[in-house]
Amino acid sequence: MPHSKIKERFPDAILEVTEFAAEPIIHVKGQHNLTVLTALKSDGYNFLADLTAIDNLTLGGYERFAVAYHLLCHASAQRLTVKAYVPEKELSLPSVESLWKTADWQEREVFDLYGIKFEGHPNLIRIMNPHDFDGYPLRKDYPRLGRKERSDFPVIKRPFKKEKRTE
Amino acid sequence: MNSDDVKSNVLTTTLESAVNWGRKNSLWPMPFGTACCGIEFMAVLAARTDISRFGAEAIRFSPRQSDLLIVAGRISIKMMPVLIRIYEQMPEPKWVMSMGACASTGGVFDTYSVIQGVDQFIPVDVYVPGCPPRPEAVVEGFMKLQDLVGKEKFSDYTLPSAK
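Residue numbers (numbering that gives the first Met the number 0), protein chains in the order written: chain U, 0 to 166; chain Y, 0 to 162.
Everything labelled a hint here was simulated from the structure, so no lab data went into it.
Built from N, CA and C at the ideal position, the CB exists for glycine as well.
Worth double-checking, as some hints may not be accurate.
[Stated by the list, open to error] Negatives, chain U to chain Y, calculated, CB over 12 Å:
#: 1; residue: D103
#: 2; residue: R143
#: 3; residue: L144
#: 4; residue: E148
[Stated by the list, open to error] Mimicking PhoX-like on lysine-lysine, the simulated pairs with C-alpha atoms at most 25 Å apart in a straight line are:
#: 5; chain 1: Y; residue 1: K150; chain 2: Y; residue 2: K77
#: 6; chain 1: U; residue 1: K6; chain 2: U; residue 2: K28
#: 7; chain 1: U; residue 1: K116; chain 2: U; residue 2: K100
#: 8; chain 1: U; residue 1: K116; chain 2: U; residue 2: K88
#: 9; chain 1: U; residue 1: K40; chain 2: U; residue 2: K100
#: 10; chain 1: Y; residue 1: K77; chain 2: U; residue 2: K156
#: 11; chain 1: U; residue 1: K156; chain 2: Y; residue 2: K150
#: 12; chain 1: U; residue 1: K147; chain 2: Y; residue 2: K77
#: 13; chain 1: U; residue 1: K116; chain 2: Y; residue 2: K77
#: 14; chain 1: U; residue 1: K156; chain 2: Y; residue 2: K6
#: 15; chain 1: Y; residue 1: K6; chain 2: Y; residue 2: K93
#: 16; chain 1: Y; residue 1: K143; chain 2: U; residue 2: K156
#: 17; chain 1: U; residue 1: K28; chain 2: U; residue 2: K4
#: 18; chain 1: U; residue 1: K28; chain 2: U; residue 2: K100
#: 19; chain 1: U; residue 1: K6; chain 2: U; residue 2: K40
#: 20; chain 1: Y; residue 1: K152; chain 2: U; residue 2: K139
#: 21; chain 1: U; residue 1: K147; chain 2: U; residue 2: K28
#: 22; chain 1: U; residue 1: K40; chain 2: U; residue 2: K116
#: 23; chain 1: U; residue 1: K40; chain 2: Y; residue 2: K143
#: 24; chain 1: Y; residue 1: K77; chain 2: Y; residue 2: K93
#: 25; chain 1: U; residue 1: K139; chain 2: U; residue 2: K156
#: 26; chain 1: U; residue 1: K139; chain 2: U; residue 2: K116
#: 27; chain 1: U; residue 1: K156; chain 2: U; residue 2: K88
#: 28; chain 1: U; residue 1: K40; chain 2: U; residue 2: K88
The whole structure should be built from the sequences, with the hints applied where relevant.
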């Protein structure tokens, strides 16, 4: 396994290496994600299959937020997950856009929905919500019905007053 | 011209009825399809239900050339300003059909990002229920709208300031 000695190589960065459903998960500190991911990419995990985030508010974990990187090695078809933990007080971690171009939009999506900032990202703006949107809707403490965003539009009346028509 | 010719060739009516007859049989729809209702609307145009029988086959993708806005699908908070702009670009007289549960009420999408019925913000004339509505239901809504168009009054189209 190319990642088997990863904990010895980065003892400061890696919190723990676990396994779930026969696939390894490497838990790292947020600020060290780029170091570990660069090493894993040169080890053969060349493909970033997905990049997403988890709000651990009700789940518990090292920190409130975790950014998850799902990697795939094309040569051996092995998959691996890296979870980078981000504290609620300082919601930022290095961008991996320099390693995988696909991270560009996915990091924008995480920023849009969780409010996690990616240092070094070329264009970190909202991708799905309107640009003047306030709040981060995928956080667990965001109300499902929002904060009245969906009723905050001008009401357009008919320019002509039509008589009430009946069937 | 003798009196028999007049009987067989001249029809007396009001200008209002003649104009309404023309309008209701040549509604040009502007489809605002954002979801599966938009796909179902394509079936309304196809051979089996074929709304060209109602004079409405001239689908315009420019709001400036159409007089019936068909809102087909869920409208998100990012799409609502676009819908309002398109509605305002349509020339009078204009009508709006809200097609399907999402456009009419938000449907199952009771979340922060989906408008709970476009009639909160723009005037709607006909609601077609369904998820998505069958083409027959859209045709039924279309015929209801034709009835409404047939009852339009010129006097309604005076600006409030002119009265």
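Quick rundown of the hints versus the structure:
| no. | hint | in the structure |
| --- | --- | --- |
| 1 | D103 | holds, 20 Å |
| 2 | R143 | violated, 6 Å |
| 3 | L144 | violated, 6 Å |
| 4 | E148 | violated, 5 Å |
| 5 | Y:K150 / Y:K77 | violated, 35 Å |
| 6 | U:K6 / U:K28 | holds, 12 Å |
| 7 | U:K116 / U:K100 | holds, 17 Å |
| 8 | U:K116 / U:K88 | holds, 12 Å |
| 9 | U:K40 / U:K100 | holds, 13 Å |
| 10 | Y:K77 / U:K156 | holds, 21 Å |
| 11 | U:K156 / Y:K150 | holds, 20 Å |
| 12 | U:K147 / Y:K77 | holds, 14 Å |
| 13 | U:K116 / Y:K77 | holds, 22 Å |
| 14 | U:K156 / Y:K6 | violated, 45 Å |
| 15 | Y:K6 / Y:K93 | violated, 36 Å |
| 16 | Y:K143 / U:K156 | holds, 22 Å |
| 17 | U:K28 / U:K4 | holds, 17 Å |
| 18 | U:K28 / U:K100 | holds, 22 Å |
| 19 | U:K6 / U:K40 | holds, 16 Å |
| 20 | Y:K152 / U:K139 | violated, 53 Å |
| 21 | U:K147 / U:K28 | violated, 36 Å |
| 22 | U:K40 / U:K116 | holds, 22 Å |
| 23 | U:K40 / Y:K143 | violated, 63 Å |
| 24 | Y:K77 / Y:K93 | holds, 24 Å |
| 25 | U:K139 / U:K156 | violated, 37 Å |
| 26 | U:K139 / U:K116 | holds, 18 Å |
| 27 | U:K156 / U:K88 | violated, 46 Å |
| 28 | U:K40 / U:K88 | violated, 29 Å |
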